[in-house]
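Enquirer: Now for the letters of each chain:
There are 2 protein chains.
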Amino acid sequence: MSEARPRVQTEPVSELTTNRLSVYLRCLNVLDAAEVRTISSQALAEQFHLNAAQIRKDLAYFGEFGVRGIGYYVKELRRHLRQILGLDRGVRIGILGAGNLGLALADYPGFREDGFAIVALFDTLKDKIGRRSRGGVQIYDIRDFKKIGRREAIRIAVIAGPAGAAQAAMNTVAAAGVRAILNFSPGTFKAPRGTKLKSMDLTVSLESLSFFLVQGEADE
Amino acid sequence: MSEARPRVQTEPVSELTTNRLSVYLRCLNVLDAAEVRTISSQALAEQFHLNAAQIRKDLAYFGEFGVRGIGYYVKELRRHLRQILGLDRGVRIGILGAGNLGLALADYPGFREDGFAIVALFDTLKDKIGRRSRGGVQIYDIRDFKKIGRREAIRIAVIAGPAGAAQAAMNTVAAAGVRAILNFSPGTFKAPRGTKLKSMDLTVSLESLSFFLVQGEADE
Numbered sequence: 003m004s005e006a007r008p009r010v011q012t013e014p015v016s017e018l019t020t021n022r023l024s025v026y027l028r029c030l031n032v033l034d035a036a037e038v039r040t041i042s043s044q045a046l047a048e049q050f051h052l053n054a055a056q057i058r059k060d061l062a063y064f065g066e067f068g069v070r071g072i073g074y075y076v077k078e079l080r081r082h083l084r085q086i087l088g089l090d091r092g093v094r095i096g097i098l099g100a101g102n103l104g105l106a107l108a109d110y111p112g113f114r115e116d117g118f119a120i121v122a123l124f125d126t127l128k129d130k131i132g133r134r135s136r137g138g139v140q141i142y143d144i145r146d147f148k149k150i151g152r153r154e155a156i157r158i159a160v161i162a163g164p165a166g167a168a169q170a171a172m173n174t175v176a177a178a179g180v181r182a183i184l185n186f187s188p189g190t191f192k193a194p195r196g197t198k199l200k201s202m203d204l205t206v207s208l209e210s211l212s213f214f215l216v217q218g219e220a221d222e
Numbered sequence: 003m004s005e006a007r008p009r010v011q012t013e014p015v016s017e018l019t020t021n022r023l024s025v026y027l028r029c030l031n032v033l034d035a036a037e038v039r040t041i042s043s044q045a046l047a048e049q050f051h052l053n054a055a056q057i058r059k060d061l062a063y064f065g066e067f068g069v070r071g072i073g074y075y076v077k078e079l080r081r082h083l084r085q086i087l088g089l090d091r092g093v094r095i096g097i098l099g100a101g102n103l104g105l106a107l108a109d110y111p112g113f114r115e116d117g118f119a120i121v122a123l124f125d126t127l128k129d130k131i132g133r134r135s136r137g138g139v140q141i142y143d144i145r146d147f148k149k150i151g152r153r154e155a156i157r158i159a160v161i162a163g164p165a166g167a168a169q170a171a172m173n174t175v176a177a178a179g180v181r182a183i184l185n186f187s188p189g190t191f192k193a194p195r196g197t198k199l200k201s202m203d204l205t206v207s208l209e210s211l212s213f214f215l216v217q218g219e220a221d222e
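In the order they appear, the protein sequences are chains A and B.
Going letter by letter, the first sequence gives residues 3 to 222 in the numbering used here.
Going letter by letter, the second sequence gives residues 3 to 222 in the numbering used here.
Keep in mind the hints are simulated off the structure, nothing from the lab.
The C-beta atom is built at its ideal place from N, Cα and C for all residues, glycine as well.
Incorrect hints may appear among the rest.
[Claimed, not checked] Taking lysine to aspartate or glutamate and the EDC-like style, the derived pairs with C-alpha atoms no more than 20 Å apart in a straight line are:
#	chain 1	residue 1	chain 2	residue 2
1	A	Lys192	B	Glu48
2	A	Lys200	B	Asp203
3	A	Lys192	B	Asp34
4	A	Lys200	A	Glu17
5	B	Lys192	A	Glu48
6	B	Lys77	B	Glu37
7	A	Lys200	B	Glu48
[Stated by the list, open to error] FRET-style restraints, in silico, Cβ to Cβ:
#	chain 1	residue 1	chain 2	residue 2	range
8	B	Val32	A	Gly92	32 to 42 Å
9	B	Ala54	A	Gly132	48 to 58 Å
10	A	Asn173	B	Ala36	16 to 26 Å
11	B	Gly218	A	Lys148	54 to 64 Å
12	A	Asn173	B	Gly218	11 to 21 Å
13	B	Gln44	A	Gly132	47 to 57 Å
14	A	Glu17	B	Tyr63	19 to 29 Å
15	A	Gly71	B	Val32	25 to 35 Å
[Stated by the list, open to error] Residues of chain A clear of chain B, computed beta-carbon distances all greater than 10 Å:
#	residue
16	Leu23
17	Arg58
18	Gly71
19	Gly138
20	Gln169
Construct the complete structure from the given sequences, taking the supplied hints into account.
Expert: Structure (structure tokens):
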């Protein structure tokens, strides 16, 4: 679209790659805050325990960002990565489920800094509808999702309700034309047609820690 | 230790591998619930969009689980994976921070099913200490972490408080001898000596969805 937007290639990019781009962006945020102006892929890899060849390969896919003998310009690469990830225009998010998890996510401070805006919460319970999260996010009736979703230009829906209500919530979201879903409900769900569904399974991280505890014991 | 426990090799296993083991376990749970008795790596890969060669490689690292011409016995492989991940004995968890996120995690239904038990919440606020989560998890004074941690045999600490309090909470945890930390606070933290720190950055998943939305637009 705009001249500055890097070309988006037609081959699909794996989720592992986009996750790594997010990690690189996180590193560049740290470097930029520390007023580092340029960094080589080697130094980036060493400082953040990454793989230099992988960094070069991942970034080369989206264009020529490195400068021979200098490396990457931190501010410029950061700006490019934010464009590639679609963060430069801000991404508006609605959360379905205004329980503890939904309210915690609505006020999560990390989101705002990264270009995400939580613009609405939705619930089915009468005593929640019309109230606000501590941070000021309004709770709407889930039956108004389509109307509010359009008005607030919601592009990602977060499912934070009970597991039993998750599939219905996803269908509501898809019917309203929202095409990306981040799901926190445990269980296996079917992505509605035309939507991208990403599930956060919190147990995966705990299992990884549990594994390291077992490993540690074997070493003792 | 016990005869059935698979050998744990001395080379370090990457976090990507343990994450994949968690995913395989999740798939086997689904198959077991559907009363599937055996499955080949090929069928497992097709059904859950995984890579068959990667499955065989990951599992071969921990022993000989596959049977030629049959594949894997679902129940048996599930039991082995739970052992490898240290879930067979149950893993006891304490959560530091009894705000919305801490309370949501304490009552998250997915944990219990997978062998994790949330046994205590901790906070610094007087009006929270002594109360319980909706699911019945007691909230203790964070100053009693060491005492309660020992009594409740806490092995993993989850940091769910405000970012400003996270480093102090991690140090409290490490001083009490708890060696694994799952952190939800945004920011960059230093793992205390002798502990394994895993941070959940919720923005990574949102960025991945944002990227797919940008990609989608390019296709239209």
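Enquirer: A separate judgement is required for each hint: does it hold in the structure or not?
Expert: Quick rundown of the hints versus the structure:
For the given pair, lysine 192 of chain A sits about 16 Å from glutamate 48 of chain B by alpha-carbon distance, which is consistent with the 20 Å threshold. Restraint check: the Cα-Cα separation between lysine 200 of chain A and aspartate 203 of chain B comes to about 14 Å, which is no more than 20 Å; the hinted pair holds. For the suggested pair lysine 192 of chain A and aspartate 34 of chain B, the alpha carbons sit about 19 Å apart, so the restraint of at most 20 Å is met. Simply put, lysine 200 of chain A and glutamate 17 of chain A have alpha-carbon atoms about 10 Å apart, close enough for the 20 Å limit, and the pair holds.
A threshold of 20 Å between alpha carbons decides the hint, and for lysine 192 of chain B with glutamate 48 of chain A the separation of about 16 Å falls inside it, so the pair holds. Between the alpha carbons of lysine 77 of chain B and glutamate 37 of chain B the distance comes to roughly 9 Å, so the proposed pair stays at or under 20 Å and holds. Note on lysine 200 of chain A and glutamate 48 of chain B: the hinted pairing holds, with a Cα-Cα distance of about 19 Å set against a maximum of 20 Å. For the pair valine 32 of chain B and glycine 92 of chain A, the beta carbons lie near 37 Å from each other, so the given range of 32 to 42 Å is met.
A C-beta distance of roughly 52 Å is found between alanine 54 of chain B and glycine 132 of chain A, which places it inside the suggested range of 48 to 58 Å. Restraint check, asparagine 173 of chain A to alanine 36 of chain B: a C-beta distance of roughly 23 Å satisfies the suggested window 16 to 26 Å. Taken as a hint, the range 54 to 64 Å is violated for the pair glycine 218 of chain B and lysine 148 of chain A, whose Cβ atoms sit roughly 20 Å apart. Hint check: asparagine 173 of chain A to glycine 218 of chain B, Cβ distance near 19 Å, so the stated range 11 to 21 Å holds.
Between glutamine 44 of chain B and glycine 132 of chain A the CB atoms are about 53 Å apart, so this pair conforms to the stated range of 47 to 57 Å. Remark: the range hint 19 to 29 Å for glutamate 17 of chain A to tyrosine 63 of chain B is upheld by a beta-carbon distance near 23 Å. Checked against the given bound of 25 to 35 Å, the beta carbons of glycine 71 of chain A and valine 32 of chain B, roughly 52 Å apart, lie outside it. Here leucine 23 of chain A does not stay apart from chain B, with its beta-carbon only about 7 Å from theirs, under the 10 Å limit.
The Cβ of arginine 58 of chain A sits about 19 Å from the closest Cβ of chain B, beyond the 10 Å cut-off, so the non-interface label holds. Every Cβ of chain B is farther than 10 Å from the Cβ of glycine 71 of chain A; the closest lies at roughly 29 Å, confirming the non-interface assignment. Against chain B, the non-interface label of glycine 138 of chain A holds: every CB pair exceeds 10 Å, the least being about 14 Å. With a minimum CB-CB distance of about 15 Å to chain B, glutamine 169 of chain A clears the 10 Å threshold, and the non-interface call stands.
Checked against the numbered hints above, the structure violates hints 11, 15 and 16; every other hint is satisfied.
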